[in-house]
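S.K.: Now for the letters of each chain:
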Amino acid sequence: DVKVTQSSRYLVKRTGEKVFLECVQDMDHENMFWYRQDPGLGLRLIYFSYDVKMKEKGDIPEGYSVSREKKERFSLILESASTNQTSMYLCASSLNPGLAGVNEQYFGPGTRLTVT
Amino acid sequence: DAKTTQPPSMDCAEGRAANLPCNHSTISGNEYVYWYRQIHSQGPQYIIHGLKNNETNEMASLIITEDRKSSTLILPHATLRDTAVYYCIVRLFGDKIIFGKGTRLHILP
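Sequence lines, in order, name chains A and B. The first sequence begins at -8 in the working numbering and counts up by one. The second sequence begins at 35 in the working numbering and counts up by one.
It should be emphasised that the hints constitute simulated quantities derived from the structure, not laboratory data. A hint or two may mislead.
To be verified - Okay, the calculated beta carbon distance ranges per label pair:
id: 1; chain 1: B; residue 1: T39; chain 2: A; residue 2: D29; range: 38 to 44 Å
id: 2; chain 1: B; residue 1: R115; chain 2: A; residue 2: E8; range: 27 to 33 Å
id: 3; chain 1: B; residue 1: N88; chain 2: A; residue 2: D29; range: 33 to 39 Å
id: 4; chain 1: B; residue 1: P42; chain 2: A; residue 2: K44; range: 38 to 44 Å
id: 5; chain 1: A; residue 1: S(-1); chain 2: B; residue 2: I73; range: 15 to 21 Å
id: 6; chain 1: B; residue 1: Q76; chain 2: A; residue 2: E63; range: 44 to 50 Å
id: 7; chain 1: A; residue 1: I51; chain 2: B; residue 2: R138; range: 19 to 25 Å
id: 8; chain 1: B; residue 1: T60; chain 2: A; residue 2: E47; range: 21 to 27 Å
id: 9; chain 1: A; residue 1: I51; chain 2: B; residue 2: H111; range: 34 to 40 Å
id: 10; chain 1: B; residue 1: D45; chain 2: A; residue 2: K9; range: 25 to 31 Å
id: 11; chain 1: B; residue 1: G63; chain 2: A; residue 2: V43; range: 39 to 45 Å
All values derive from a computational prediction rather than experimental measurement. Backbone N, C-alpha and C define an ideal beta-carbon position, used for all residues, glycine too.
Make the full structure from the sequences, and use the hints.
M.R.: Laid out in structure tokens, this is it:
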């Protein structure tokens, strides 16, 4: 079974702190994603990566950065956490779709981040 | 914006079939329909996907209309553990998947 793990289930940080959220997948997937989920807004894509050292902005990248130094690991960084970044953060991974264009994303359990 | 429209919530009696509709009238010819669900406090879980033909797996069946403008996810014998938010997704170019607000399915004992 594909396993996507996230470093913490719950995290509490202070405003202005630098925050690292780590995600690791064990299925040699090329693609990795970071989403945030807020009540009434659904899941929104922050950043994604197609390969090591590659990154693409999603729909709401402001206030975030990412790092992908190894294929299995994708980190989300909040350079200076703010209260409006309190949210559930979800990591996902998938294979490259190739010509078939079909792939599914496997999600981690999520990290509930509270910024006070 | 999500390219799909789903009812915000639905109820289904335990043991009955749950039929979840989805409209995707602007779907293009090479786009697939995916279904995911999210049980409370967990990450989303892949259920099924299809292009034109109806599909079935151990979790559910997917019925896609001939014009591909709508589809229905069928859980044949719903249990309390199927209580979740169900997302219908049309895959965009590349690997970006946009989640809408989904349908909150309540299974009633």
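S.K.: Output the numbers, in ascending order, of every earlier hint that fails for this structure.
M.R.: 1, 2, 6, 10, 11
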